[in-house]
Amino acid sequence: MDNTPEKRRRGRPRKTERPEGAAHEVELQLMTYEDVLELRSVLFTKKIDLGKHGITKEQLTRLKEVFELDYDTLSAMLAVTNRALHLKKGRDLLNRGISERLIAIADVFSLGYHIFREREAFHAWLRAPRRSLGGLVPLQLMESLAGVESVKLELLRLDNFMI
1 MDNTPEKRRR GRPRKTERPE GAAHEVELQL MTYEDVLELR SVLFTKKIDL GKHGITKEQL
61 TRLKEVFELD YDTLSAMLAV TNRALHLKKG RDLLNRGISE RLIAIADVFS LGYHIFRERE
121 AFHAWLRAPR RSLGGLVPLQ LMESLAGVES VKLELLRLDN FMI
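Each residue of the sequence shown is one higher than the last, beginning at 1 in my numbering.
Calculated from the structure, these hints are not laboratory results.
You may find that some hints are simply not true.
List time: in silico SDA-like cross-link candidates among lysine to any residue, alpha-carbon distance up to 25 Å [stated by the list, open to error]:
1. Lys152 - Lys88
2. Lys88 - Leu74
3. Lys88 - Thr32
4. Lys52 - Gly147
5. Lys46 - Asp72
6. Lys52 - Ser41
7. Lys152 - Arg117
8. Lys47 - Arg157
9. Lys89 - Glu143
10. Lys64 - Gln29
11. Lys64 - Gly90
12. Lys47 - Asp35
13. Lys152 - Lys89
14. Lys64 - Ala104
15. Lys88 - His114
16. Lys47 - Leu37
17. Lys52 - Asp35
18. Lys152 - Ala124
19. Lys89 - Arg117
20. Lys52 - Glu100
21. Lys52 - Ser144
22. Lys52 - Asn95
23. Lys57 - Arg119
24. Lys89 - Ala124
25. Lys57 - Val42
26. Lys46 - Ser144
27. Lys64 - Ala76
28. Lys46 - His114
29. Lys152 - Glu34
30. Lys89 - Glu58
31. Lys57 - Ala104
32. Lys47 - Leu145
Starting from the given sequences, assemble the full structure and let the hints guide the process.
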């Protein structure tokens, strides 16, 4: 039986930095407002690769700042405990499910930033009840995958009206 610290902790090594070469496969950083804005023009295959390789805690922290969210809201949107997010450090990778969910959320933010042209205007839209969404607040709806999709569809409807 292997008694290394990694093996004593839940029986498997801690997954941290991406393996060598992974940076070449996934060039998308998702660290800044500009990265999020660019996300809407990124091929879905790149988004899938990014989800498979995982988002780092550092990227999560930067996205939290770009989205102007607190950890409670972000953990609800990612369907994880606040503690689970705080236990990760720097280059530690989030699991695939959380990473893919974060990419889906970032995709909605990218679309919203594009449509509203100003980050503050989109953030205000996200935080107010919307009649078109049954009087619900879009940000709260995004606590489920169906809600993320509903908010995205509403943004696409808005985009069609603005043309």
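Query raised in the report: Which numbered hints are broken by the structure, listed smallest first?
Result: Hint check: 1, 5, 13, 15, 19, 24 fail, others pass.
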